[in-house]
Amino acid sequence: MTDTDIKYLLPEIPELHKIEVYEKEGGYEALQKALAMKPDDIIEEVKKSNLRGRGGACFPAGLKWSFMPKNSERPKYLCVNADEGEPGTFKDREILEHNPHALIEGTLIASYAMGVTTAYVYIRGEYVKWMKLLEDAIEEAYAKNYIGKNIAGSKYSVDIYVHRGAGAYICGEESSLMNSLEGERGYPRVKPPFPAQFGLWGCPTTINNVETLANVPVIIKNGAEWYLKIGVEKHPGTLLYGVSGHVNNPGVFELPTGVLLTDLIYKYAGGIRDDKKLKAVIPGGSSTPILRGDSIEGVRMDADSLIEAGSSIGTGGVIVMDEDTDIPKILERISRFYHHESCGQCTPCREGTGWMEKIIRRINRGEGTMKDIDVLRDVADNIEGNTICALGDAAAWPVQSAIRRFRGEFEAKIKMEKTVAA
Amino acid sequence: MLNETRREQLDKIIKRYPYKQAALLPALHLVQEQEGYITKEAMQYIADYLEIPYGHVLGVVTFYTMFYDKPMGRHHIQVCTNISCQLLGSETLVSHISKECGIKPGETSEDGTFTLSEVECLGSCGTAPMMQINDDYYENLTVEKVEAILKSLK
Ligand SMILES: Cc1cc2nc3c(=O)[nH]c(=O)nc-3n(C[C@H](O)[C@H](O)[C@H](O)COP(=O)(O)O)c2cc1C
Ligand code: SF4
Ligand code: FES
Chain A
1 MTDTDIKYLL PEIPELHKIE VYEKEGGYEA LQKALAMKPD DIIEEVKKSN
51 LRGRGGACFP AGLKWSFMPK NSERPKYLCV NADEGEPGTF KDREILEHNP
101 HALIEGTLIA SYAMGVTTAY VYIRGEYVKW MKLLEDAIEE AYAKNYIGKN
151 IAGSKYSVDI YVHRGAGAYI CGEESSLMNS LEGERGYPRV KPPFPAQFGL
201 WGCPTTINNV ETLANVPVII KNGAEWYLKI GVEKHPGTLL YGVSGHVNNP
251 GVFELPTGVL LTDLIYKYAG GIRDDKKLKA VIPGGSSTPI LRGDSIEGVR
301 MDADSLIEAG SSIGTGGVIV MDEDTDIPKI LERISRFYHH ESCGQCTPCR
351 EGTGWMEKII RRINRGEGTM KDIDVLRDVA DNIEGNTICA LGDAAAWPVQ
401 SAIRRFRGEF EAKIKMEKTV AA
Chain B
423 MLNETRREQL DKIIKRYPYK QAALLPALHL VQEQEGYITK EAMQYIADYL
473 EIPYGHVLGV VTFYTMFYDK PMGRHHIQVC TNISCQLLGS ETLVSHISKE
523 CGIKPGETSE DGTFTLSEVE CLGSCGTAPM MQINDDYYEN LTVEKVEAIL
573 KSLK
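The listed protein sequences derive, respectively, from chains A and B. For the first sequence, the working numbering assigns the number 1 to the initial residue and increments by one for each residue that follows. For the second sequence, the working numbering assigns the number 423 to the initial residue and increments by one for each residue that follows.
Please note that the accuracy of each hint is not assured.
Said to hold, decoys possible - Derived lysine-lysine pairs resembling DSS-like cross-links, with alpha carbons at most 25 angstroms apart:
id, chain 1, residue 1, chain 2, residue 2
1, A, 149, B, 437
2, A, 129, B, 437
3, A, 155, B, 442
4, B, 462, B, 492
5, A, 132, B, 462
6, A, 132, B, 442
What the hints contain is simulated information worked out from the structure, not anything from laboratory work. From a predicted model like this one, the values you see are computed outputs, not experimental measurements.
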């Protein structure tokens with residue numbers, strides 16, 4: 001199905017953030033339906049729907065939920081990841097602002113399905129405005145007994161609390177997020193054990209992204225069959241694509257998975273500013289491999305298509321760069337970010353991100369050598385796969401891909417300096 | 423240390439968790455909201471209140487960039503210089519603000535009016551370039567807009 005008009009996360013309904021409006025539009029019907037279902041049947045339905053995580057890794061949501069132990073004597077928890085820190089990503093805040101009840105309803109259905117009795121929304125510390133908006137919506141839902149004791153006339157009780165972070169990108173990583181929630185420094189944990197076995201305070205825990213959970217109500221309401229027909233079957237639904245950079249009309253666009261990257265850039269985001277040519281695109285947030293502008297013809301925005309194109313869908317944050325962009329300079333900024341945000345637990349990440357930043361800066365200053373390019377690639381290769389959490393990989397991929405696809409730009413900086421010096 | 427309203431808020435927050443320590447980040451936010459930054463005395467107070475070691479509180483305060491252990495300017499200007507903002511001229515904004523306020527990134531003006539920081543992505547890339555001043559976001563910035571904003575704050 002290529003119906004680009006389907007919008008259930010950000011439909012154009014005025015005041016949808018208010019619970020009365022949300023209810024009038026059929027909101028909380030999915031919750032009623034879910035509460036009449038067996039928890040396992042909900043998990044089955046979500047599995048059948050192929051819903052995949054929107055936090056960057058595309059992990060199947062239903063499968064993740066099924067890892068939670070059924071008969072646990074310990075309490076079970078759900079953490080809603082609203083840390084939204086990956087550069088180029090600005091979509092979850094749209095849900096928090098315009099459709100917070102979809103997130104709340106999805107959180108409630110997920111909690112019921114897994115037998116969770118407390119859900120925490122971990123929101124990045126800078127999102128003060130959006131935290132307040134979400135807290136208002138939660139308060140409304142408590143007042144209407146969708147949250148709290150015996151919700152909506154059922155035997156099920158659950159609480160939802162908002163927990164504010166304090167400015168550390170690493171706390172978006174799920175195990176770091178749990179440590180942070182516990183009042184620790186945000187160091188990622190070694191896995192296994194996985195959160196479903198040993199999560200918050202050692203109890204079974206699931207972590208899901210805001211957008212993932214906001215997809216759940218329509219799946220329960222309309223069924224997996226319906227959902228599977230939106231976009232690409234193996235990665236269905238709509239995505240909130242955030243397009244930023246050198247485009248005429250940047251913003252968040254809700255469209256089915258599998259839209260053409262060129263359509264996103266030229267049709268929806270209005271094309272490149274000042275009629276310039278496209279040089280490069282980062283398709284899914286700063287950690288996803290950079291693509292050459294001349295290689296995106298026919299590339300579609302879904303998990304498999306982007307892997308085939310040599311990148312990744314990530315968070316769906318598309319960063320567009322025109323012909324005048326200095327790629328090594330952009331890469332220096334990206335590397336500075338990962339160096340700054342490395343928590344320092346693993347040597348390859350702590351040292352490697354620092355070296356990468358230094359070498360790229362050297363090249364940009366015109367003090368680099370040809371050998372530096374290979375050293376840079378080696379450092380990135382040595383970080384990838386050798387760290388506790390995926391921040392190491394996230395730091396390595398931009399470097400590896402920029403060298404592979406824009407090597408000439410790095411060499412030019414080095415050669416130019418040589419010519420000037422001579 | 424915390425005034426009565428905030429102490430009541432904290433007591434309510436503590437109840438949300440099975441262990442008091444989980445209220446540490448919220449508690450530190452409350453302190454900073456009240457005092458502007460977090461002193462050693464405040465850390466000790468929070469440590470006692472949540473029944474955790476002082477060293478733990480100190481470790482947490484230093485880990486998170488949003489907690490300040492020294493006074494900041496009345497207006498904390500935080501300019502995002504990450505990729506989407508960089509592509510649309512955040513560097514120019516930083517140097518402009520720097521000149522206007524007479525401070526470099528990381529510094530506070532002598533009269534304590536402004537602190538300037540370069541920060542990482544604030545989740546506003548679609549309205550880049552942007553900055554945050556205290557709790558508020560200012561988006562789709564131009565040099566002219568920044569000038570007007572600074573003027574209104576002086
Ligand atoms: C360094 C790092 C930062 C991350 N930041 C976020 C984030 O801000 N928001 C998010 O939802 N997931 C983030 N993730 C992914 C989470 O670890 C986790 O996979 C995700 O929240 C799971 O939700 P999902 O399965 O619904 O996508 C991050 C991962 C890493 C390695
Ligand atoms: S990979 Fe980096 S950020 Fe992740 S745990 Fe290791 S040092 Fe910390
Ligand atoms: S890069 Fe500046 S807000 Fe995201």
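Status of each hint after checking the structure:
Among the hinted pairs, residue 149/A with residue 437/B is consistent with the structure: their alpha-carbon atoms are about 16 angstroms apart, no more than 25 angstroms. Between residue 129/A and residue 437/B, the direct Cα distance comes to roughly 24 angstroms. Compliance with the 25 angstroms bound is thereby established for this hinted pair. At most 25 angstroms may separate the alpha-carbon atoms for a hinted pair to count; residue 155/A and residue 442/B exceed this at roughly 29 angstroms. A distance of roughly 10 angstroms separates the Cα atoms of residue 462/B and residue 492/B; the hinted pair therefore holds under the 25 angstroms criterion.
Between the alpha carbons of residue 132/A and residue 462/B the distance comes to roughly 29 angstroms, so the proposed pair goes past 25 angstroms and is violated. The suggested pairing of residue 132/A with residue 442/B holds, with an alpha-carbon distance near 23 angstroms, which does not exceed 25 angstroms.
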